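**Q** Take the given structure of chain A and dock chain B to it, following the hints.
Spelled out, the chains give:
Protein chains: 2
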Amino acid sequence: MLSTMQDGPLSLAKLLRHGTKVHAASEVITWTGSEARRETYADLGKHAARLAHALRSLGVTGDQRVGTFMWNNAEHLAAYLAVPAMGAVLHTLNIRLFPEQLTFVANHAEDHVVIVDGTLVPLLAKNLSGMKTVKHVIVANGDASALAAPEGVTVHSYDELLAGQPDEFEWPEIDERSAAAMCYTSGTTGDPKGVVYSHRSIWLHSMQVCMSDSMRLAQEDTALAIVPMFHAMSWGLPYAALMVGASLLMPDRFLQPAPIAALLAAEKPTFAAAVPTIWQGLLAHLDTNPQDISHLREVVVGGSAAPPALMHAFEERYGVPILHAWGMTETSPLGSVARPPASATGEQRWGYRYTQGRFPASVSARLIDDDGQERDWDNEAVGELEVSGPWIAGGYYGGSDGAPSPDPEKFHGGWLRTGDVGKISQDGFLTLTDRAKDVIKSGGEWISSVDLENQVMGHPAVAEAAVVGIPDEKWDERPLVAVVVREGESVTAEQLRDYLADKVAKWQLPENWTFVPEVPKTSVGKFDKKRIRASYSEGKLDISQF
Amino acid sequence: MLSTMQDGPLSLAKLLRHGTKVHAASEVITWTGSEARRETYADLGKHAARLAHALRSLGVTGDQRVGTFMWNNAEHLAAYLAVPAMGAVLHTLNIRLFPEQLTFVANHAEDHVVIVDGTLVPLLAKNLSGMKTVKHVIVANGDASALAAPEGVTVHSYDELLAGQPDEFEWPEIDERSAAAMCYTSGTTGDPKGVVYSHRSIWLHSMQVCMSDSMRLAQEDTALAIVPMFHAMSWGLPYAALMVGASLLMPDRFLQPAPIAALLAAEKPTFAAAVPTIWQGLLAHLDTNPQDISHLREVVVGGSAAPPALMHAFEERYGVPILHAWGMTETSPLGSVARPPASATGEQRWGYRYTQGRFPASVSARLIDDDGQERDWDNEAVGELEVSGPWIAGGYYGGSDGAPSPDPEKFHGGWLRTGDVGKISQDGFLTLTDRAKDVIKSGGEWISSVDLENQVMGHPAVAEAAVVGIPDEKWDERPLVAVVVREGESVTAEQLRDYLADKVAKWQLPENWTFVPEVPKTSVGKFDKKRIRASYSEGKLDISQF
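Line order of the protein sequences matches chains A and B. Numbered per this note's numbering, the first sequence finishes at 550, counting up by one with no gaps. Numbered per this note's numbering, the second sequence finishes at 550, counting up by one with no gaps.
Everything labelled a hint here was simulated from the structure, so no lab data went into it. Values in this document were obtained by computation on a predicted structure and should not be read as measured data. Fair warning: there could be bad hints in the mix.
Said to hold, decoys possible - Here are the computed lysine-lysine pairs in the DSS-like style, where the Cα-Cα straight-line distance is at most 27 Å: (1) A:Lys530 to A:Lys441; (2) B:Lys445 to B:Lys478; (3) B:Lys25 to A:Lys414; (4) B:Lys507 to B:Lys530; (5) B:Lys414 to A:Lys25; (6) A:Lys534 to A:Lys414.
Same shape as in the complex, but just chain A (with noise of 0.2 Å):
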């Protein structure tokens, strides 16, 4: 029996049509060092508008990939808008990127355009010689002259190829499973992986976004989005903003701490979300230059644990709540965040805020352990975690004559492996203890490099500390920490491990240690735990062993 609902696709073309329209009077804002620009999402609405005349009139039809080569603002945004909406595909290329990566997903994306922010492009004129598929680079907020294109790449001005278009656009009705954007992982293996979404799934995110088990974006709040448009879209909030009507304050290419706290005190935004180093940075910052953050009605930390340290600093010091959640490019990325149950009082409430999170709805989750077996929500049983959802990958892009690459290491049975390992409680709060390569497989058990981690930099003489698992003939694996010590300090690896003795079970005191200048680090500022295992198995390690 079928229902008697209409039937029109969920699309970006009407989240577009309905932000501008509906919420005509909010804006985006770009901070340019000093000041702010600002654009209503009337204005919005006509600058995608001629975005898309202009893409067109490049030749771009169809599905083809328009890739940005951009910081956070307001042209970001209207690429944001008008690419899917004409039915095109918004490819955001990752500025941090290894070259090497950068020309890899240009090429496998097959980008015709790329939409480049004027500082940014001697950083792409580098790699664009390699991108075989580029056709025309569109200059925003610079000077296009000061790009050189070889051969066959037309260099064209933003604000020129845009002057005179039409401020409305016929935008297609479009089937919502079909591809809107698509965002490469940066994964420490192999080539990057493009992860692409669709109408629907961008749709259902948004919404999620703006519910109460989420980060509850809503119409009167002002979202600073400091987290980069290239990773994972900004954790949805451009999408999310327009849906409800939600102001952006975008920080553009002014990352620090001090630009940071110059547009919070000019902008005063009610919302924000970034990762962990980012909110180091500002605490630091306003430690020594206080100012008035009580604005932020709550922020939003994802993309690697937020340390409890740093929650309560900003709750207790500044009246600043942190918002932990979890989630990764393939999962929109909304995956989980952690408000606590009603039920929960005091201590309790910051037992669940240091969680990762639950999840909604949309996303469900299991545990699966080495057989393959499912494990109890017991907040004990310990297993890789996987996800399901309509936000959620079910492969990888397999390139424009693949189908999607079924990838059996991340995708089984209609379920996502996150390559993460934690437990879960019973009432569905999920805590993350390590990722499912770096987990050390200790004669059948399994220990946790992140906890080690979390106990060696407790040391006050430890500024970084990071573990590996390294080949064991006993065990299959023991524990290797390389350590960064404090400037100005010292300590020995015998110290270490005496200090270590009364905080971790005796069968998981490491018994290798060796010190380092700094850790090595991916691109997204993770530690790089392959290189650390590489530098091990090539013998560049100076080991202390007892």
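**A** Structure of chain B alone, referenced to chain A:
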């Protein structure tokens, strides 16, 4: 280009699993007149599984219809979950329909089973012999032996039928566009019309109920659902509550002001939903029996326009904001919600709050005039409201052997003609001024019957007044006012006309007046203008004309 997103359906089986697992500790609380009986969502999940097994045991298969003839209580909620999740279709029977309408809808939907509350057995018994497809009646919360069944109908005790059934059910995977639930509109013309909601439409609508631009239903809420579960699915509260883990407070049959006040005192809900007459009654009760109700963070009012005086009384005397909303059975029902823009202050906020509200992104709206032309959103141009979206009906149920009825009077070109007439502001706020069939078309201009009614009811001697258009040779139509005089007062038509003289445009001043003991009402308590017009044309009204 296809996205790489997973392709699973949005379904009520998924909602059931989520709500009863992740929000296992949340509760459905049913009022018994003096105290509450409580069931956790974990237990509700087992309850729903037992009900599904019981229904299967009665032969319910495929998409057969299961009717409910029930108050708002835990058993009705179990049916909301079990029936659609098992693949069958829930048909909520409106207990206030006239007998011929009730048998019509049960026969048209071909209900196979009806679940009835004990206290409603006498009412159902009167109609049961006319319900030709009903084979089983299940009596919940009462004595099954009190029902003498017609031949071919078996009567069951709910408790006995469910006892011993398994606590788990293998909920099937269902296409998201399949029928989940149906509700007939109690229109004032012709037979009731069936609206069939899909798993998809209910899922999306439930998300919307929890979004910042709608009711903001949240895990920390206890939601008092006064609006009946047979009226447009209790405005979506039951499913939305399971989605985010809000507890549900169910008043069962205790809908009078005193018991509502008692259950407010006992359970201190944070949110509530009902039509204006309920709030009017509660207000009168509270004014003579003061009670703190500030635990209500917000109450939503819809079904008919909320009088501004009611909104002020609740907010200023009891600290409870009334949230005005518009919708209808055909819109699931969430259409628009009156949350003022952040920029509005003071009296401006009230101005926005009196309106029917703003449309969420999923509901597109337009105003159409007599010539089929779209009108501007300038808060002046008046037209019939048309809406479209994923939880808006595109037709009526055509019976099991028919496609959905296209019904061009209600549906055209992918839009629902709401039958409501009004205007929309530039920032998207809807103000309804009349029903399309009640607007009075006089000399090419439209006179709002509702505006005239409100003006006449402003006179201290008037208890109620209804205005209808009657045929006029010169002007096509002219207004007729039917007045109910307040007890102990007296007033003449001439005095009322003088009273109106400086309140409405001269050409709108009514020439035709009649005094009646009461205004006839529909089964849902609205003025039944069809009956007033019929009385007029049958010459049954005593008209003063001047």
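**Q** Does Lys507 (chain B) pair with Lys530 (chain B) here, judged by a C-alpha cut-off of 27 Å?
**A** holds, 25 Å
**Q** Lys25 (chain B) and Lys414 (chain A): Cα distance at most 27 Å?
**A** Holds. Lys25 (chain B) to Lys414 (chain A) sits at ~26 Å (cutoff 27 Å).
**Q** Sort out whether Lys441 (chain A) lies within 27 Å of Lys530 (chain A), counting only the CA atoms.
**A** holds, 14 Å
**Q** Hey, Lys414 (chain B) versus Lys25 (chain A), does the alpha-carbon distance stay inside 27 Å?
**A** holds, 26 Å
**Q** Is the hinted pair Lys445 (chain B) and Lys478 (chain B) satisfied, with a Cα-Cα distance of at most 27 Å?
**A** Holds: Lys445 (chain B) and Lys478 (chain B) sit about 12 Å apart, inside 27 Å.
**Q** Does Lys534 (chain A) pair with Lys414 (chain A) here, judged by a C-alpha cut-off of 27 Å?
**A** This hinted pair holds, its Cα atoms lying about 18 Å apart.
Of the numbered hints stated above, none is contradicted by the structure.
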